[in-house]
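Peer 1: Top line first, the protein sequences correspond to chains A and B.
Taking the UniProt record's numbering, the leading residue of the first sequence gets 1, the next gets one more, and so forth.
Taking the UniProt record's numbering, the leading residue of the second sequence gets 1, the next gets one more, and so forth.
Treat the hints with care, as some may be off.
Note: identical chains are not told apart, hence a pair may lie in one copy or across any two.
Derived lysine to any residue pairs resembling SDA-like cross-links, with alpha carbons at most 25 Å apart [as the list claims (entries may be wrong)]: (1) K271 <-> T55; (2) K271 <-> P56; (3) K369 <-> Q60; (4) K271 <-> A53; (5) K188 <-> S3; (6) K152 <-> E217; (7) K271 <-> A46; (8) K215 <-> Q2; (9) K152 <-> Y187; (10) K215 <-> Q298.
The hints are simulated quantities; they were obtained by calculation from the structure and are not laboratory data.
2 protein chains.
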Amino acid sequence: MQSARRMATTRPSYIRDILKATQGRQILSLAGGLPDAQLFPTGLLARAAHELAETPGVYQYGLTSGLPGLVDHIATQNNLASPDQLLITTGSQQGLDLISRAYLNPGDRILAEAPVYLGALQIFQLAEIDIGLIPATDTGPDIAQLEAELAKGGVKFFYAVPDFHNPTGVCWSLATRLAVAELLDRYKVMLIEDAPYRQLRYRGDELPLVSALMKGEHLLLQSFSKIATPGMRIGYVQGSAELLSPLVVVKQASDLHSSLPMQQMILSLLKAPEFPQHLSNLRHHYGLRVQVLAEALQHELGSALSFDVPQGGMFIWARLTEDEAPALAQRCLRNGLAVVPGQAFWPEGAPGYEAIRLNFSCLAPAQLKRAAQRLAASMSESSTD
Amino acid sequence: MQSARRMATTRPSYIRDILKATQGRQILSLAGGLPDAQLFPTGLLARAAHELAETPGVYQYGLTSGLPGLVDHIATQNNLASPDQLLITTGSQQGLDLISRAYLNPGDRILAEAPVYLGALQIFQLAEIDIGLIPATDTGPDIAQLEAELAKGGVKFFYAVPDFHNPTGVCWSLATRLAVAELLDRYKVMLIEDAPYRQLRYRGDELPLVSALMKGEHLLLQSFSKIATPGMRIGYVQGSAELLSPLVVVKQASDLHSSLPMQQMILSLLKAPEFPQHLSNLRHHYGLRVQVLAEALQHELGSALSFDVPQGGMFIWARLTEDEAPALAQRCLRNGLAVVPGQAFWPEGAPGYEAIRLNFSCLAPAQLKRAAQRLAASMSESSTD
Numbered sequence: 001m002q003s004a005r006r007m008a009t010t011r012p013s014y015i016r017d018i019l020k021a022t023q024g025r026q027i028l029s030l031a032g033g034l035p036d037a038q039l040f041p042t043g044l045l046a047r048a049a050h051e052l053a054e055t056p057g058v059y060q061y062g063l064t065s066g067l068p069g070l071v072d073h074i075a076t077q078n079n080l081a082s083p084d085q086l087l088i089t090t091g092s093q094q095g096l097d098l099i100s101r102a103y104l105n106p107g108d109r110i111l112a113e114a115p116v117y118l119g120a121l122q123i124f125q126l127a128e129i130d131i132g133l134i135p136a137t138d139t140g141p142d143i144a145q146l147e148a149e150l151a152k153g154g155v156k157f158f159y160a161v162p163d164f165h166n167p168t169g170v171c172w173s174l175a176t177r178l179a180v181a182e183l184l185d186r187y188k189v190m191l192i193e194d195a196p197y198r199q200l201r202y203r204g205d206e207l208p209l210v211s212a213l214m215k216g217e218h219l220l221l222q223s224f225s226k227i228a229t230p231g232m233r234i235g236y237v238q239g240s241a242e243l244l245s246p247l248v249v250v251k252q253a254s255d256l257h258s259s260l261p262m263q264q265m266i267l268s269l270l271k272a273p274e275f276p277q278h279l280s281n282l283r284h285h286y287g288l289r290v291q292v293l294a295e296a297l298q299h300e301l302g303s304a305l306s307f308d309v310p311q312g313g314m315f316i317w318a319r320l321t322e323d324e325a326p327a328l329a330q331r332c333l334r335n336g337l338a339v340v341p342g343q344a345f346w347p348e349g350a351p352g353y354e355a356i357r358l359n360f361s362c363l364a365p366a367q368l369k370r371a372a373q374r375l376a377a378s379m380s381e382s383s384t385d
Numbered sequence: 001m002q003s004a005r006r007m008a009t010t011r012p013s014y015i016r017d018i019l020k021a022t023q024g025r026q027i028l029s030l031a032g033g034l035p036d037a038q039l040f041p042t043g044l045l046a047r048a049a050h051e052l053a054e055t056p057g058v059y060q061y062g063l064t065s066g067l068p069g070l071v072d073h074i075a076t077q078n079n080l081a082s083p084d085q086l087l088i089t090t091g092s093q094q095g096l097d098l099i100s101r102a103y104l105n106p107g108d109r110i111l112a113e114a115p116v117y118l119g120a121l122q123i124f125q126l127a128e129i130d131i132g133l134i135p136a137t138d139t140g141p142d143i144a145q146l147e148a149e150l151a152k153g154g155v156k157f158f159y160a161v162p163d164f165h166n167p168t169g170v171c172w173s174l175a176t177r178l179a180v181a182e183l184l185d186r187y188k189v190m191l192i193e194d195a196p197y198r199q200l201r202y203r204g205d206e207l208p209l210v211s212a213l214m215k216g217e218h219l220l221l222q223s224f225s226k227i228a229t230p231g232m233r234i235g236y237v238q239g240s241a242e243l244l245s246p247l248v249v250v251k252q253a254s255d256l257h258s259s260l261p262m263q264q265m266i267l268s269l270l271k272a273p274e275f276p277q278h279l280s281n282l283r284h285h286y287g288l289r290v291q292v293l294a295e296a297l298q299h300e301l302g303s304a305l306s307f308d309v310p311q312g313g314m315f316i317w318a319r320l321t322e323d324e325a326p327a328l329a330q331r332c333l334r335n336g337l338a339v340v341p342g343q344a345f346w347p348e349g350a351p352g353y354e355a356i357r358l359n360f361s362c363l364a365p366a367q368l369k370r371a372a373q374r375l376a377a378s379m380s381e382s383s384t385d
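Pulled out of the complex, with its shape left as it was, chain A reads as follows (with noise of 0.2 Å):
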């Protein structure tokens, strides 16, 4: 049968694409966003599985909005008023489909910062909307087109990764979040505030989240896939009640509920006393591979990269400023490494520079010094392709 008209214009995975035809291979991946399995809560884990067996509770079907547990002990932990401004989904993913199809029709307009997360461009494609892109600066989104975009008005929200963004790898400044929460405010626009990275800090210090310094209507997605585990496909939309609601509709359709066991499992691992010094341990871990990552392109590749080395996150960005990054991304293959060009993070593939994102959470540093030789050797390349 015909497909419906939503598919012809959403894309399956480039990331996802290239891992399973490198499966198998001797390649070291640059090019996904996994944190490493090696740094998983391993003991604190089994200890949930375990605690799990002695709770034979969580096994009936539960409330849409989540496990009662889990969602006072979140509601607890970020101050909230009510436990009715918590949804918990099967990932971040989904909540920000859930907030999608709770409110886009077809043909709306929304505004993004550009690059764009894949797996947010997928679900905008399969919404039949209109994405304008807002480009990136090293503070976060130019202020000025963001206004311009506003002000022709017909903006239904700003999607917006201030933490770390991927593929950026940008922090957003004070003063562009500052900037922005007026902006959105002024011209009555919601904000989603995607924010998986945000605890995964390295350096400087924490800013508020934008939603946070806003009057207006504001949605925060919040993730456990990288700091507990992506599995379990756990994570959560905080917000207004009333904004939640149509999503609590959507979500009882379109699944009932997320998992319970799995709900009481991330309970149990925010609870442990232990779960602050595994988050520690994950921040040193990946705090010293960027630095690894970002010395060795330096030292292997010096003025043919350009790159700021972000505070946190999963990604270094770097700008080629002699080749071509799709080419780059083939010779890179053949030389046993994966790596994604800039191309695949905006809808219509055209970035305007050349760029590839490099991810430096799942290798070992040796891995990571090894990956950069080869990054190297692929560009030496270039003249005799």
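Following the hints, position chain B against chain A.
Peer 2: Just chain B, lined up with the frame of chain A:
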């Protein structure tokens, strides 16, 4: 912000609302569609959780199609030519939602047996489509009406629950199965066969899946909610790799994949040597309960109710000969009994006759008898209402 157009036509579940309204009160509920938590395989679940504690490899991001071990196990069990014919979902509810998003445009027309499973109604309402209703008879959908609707053309698919339909409890006869398969093949219309209750048969012989009788396109929805536990939220869609392929793209965009530790625990359950024994225990108890409720209804109410005793599933569909269902449901609530008026299972609330749905899986036999007494008391109040 104004929610999307699709939200205007999507009703939250009447049943979830009624259950929420009665929480904490001394209500006997025949309203839900819940399995009995007392009959969950608690020992097997605890063992699966302990096994999970020894299986650290299920916490990273995984394949959208599902945990390979589980997919392979089901493919073998179901004699499939390839594991590509399966997609693991967050309950079969998500399977239907993915089908709807992958194949339906707003304004499209589908056919469904009426009354319709509430969760399916919600999904179809979200999809902003047109639902052609085929009245249920006691052997399945009315074949003449199905043919008349198919002959009009423009039907995207026929959604059906041939084994122990929710809410009617009807199990399609073999003749109906053959006739429907032939009609759909002749008119080249896809079948969506939803079979969550298929393994809950208490009397009579198993009949072939309708999709197994077809030459043309079909997708089968299966769930572990009724035979294992619903809180884990694991089900699957089975069909040709070609038909599944757009579903995989939508699933990737909407939640990447379903929880891997949950898939691992389901695999442990399915592999446990005691699982078949658990299934026959379930059938034994539910088979007893449907008899107990049927006899109590007969004894307490006689000809005021008209119903067939279903051979499986979870529901008795009782037609009212001298009462109106919504008013009766209200009186029942005052008397400490929850039932669902049949109107909830029609898109427009217009069945053409009065009926109530009575769930028999969730209460113990003694409670079912008390429930029948409360129903009788509530019906006898009708003249004084």
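Peer 1: If a hint holds in the structure, say so; if it does not, say that too.
Peer 2: Verification of the supplied hints:
Taking CA atoms no more than 25 Å apart as the test, K271 paired with T55 passes in both settings, with 15 Å inside one copy and 22 Å between copies. Taking CA atoms no more than 25 Å apart as the test, K271 paired with P56 passes in both settings, with 19 Å inside one copy and 20 Å between copies. Proximity of K369 and Q60 under a CA criterion of 25 Å is satisfied inter-copy only: 23 Å between copies versus 49 Å inside one chain copy. For a Cα distance limit of 25 Å, the shortest separation of K271 from A53 qualifies both inside one copy, at 17 Å, and across copies, at 18 Å.
Taking the closest pair of Cα atoms, K188 and S3 come within 25 Å of each other only across two copies (15 Å); inside a single copy the shortest separation is 36 Å, beyond that limit. Taking the closest pair of Cα atoms, K152 and E217 come within 25 Å of each other only inside a single copy of the chain (19 Å); across copies the shortest separation is 47 Å, beyond that limit. For a Cα distance limit of 25 Å, the shortest separation of K271 from A46 qualifies both inside one copy, at 14 Å, and across copies, at 21 Å. In this homomeric assembly, K215 and Q2 come within 25 Å of each other (Cα to Cα) only across copies, at 18 Å, whereas the closest approach inside a single copy is 45 Å.
When the C-alpha separation of K152 and Y187 is checked against a cutoff of 25 Å, the pair qualifies only within one copy, where the shortest distance is 10 Å, while the shortest distance between copies is 49 Å. When the C-alpha separation of K215 and Q298 is checked against a cutoff of 25 Å, the pair qualifies neither within a copy, at 43 Å, nor between copies, at 61 Å.
Hint compliance for this structure: hint 10 alone is broken.
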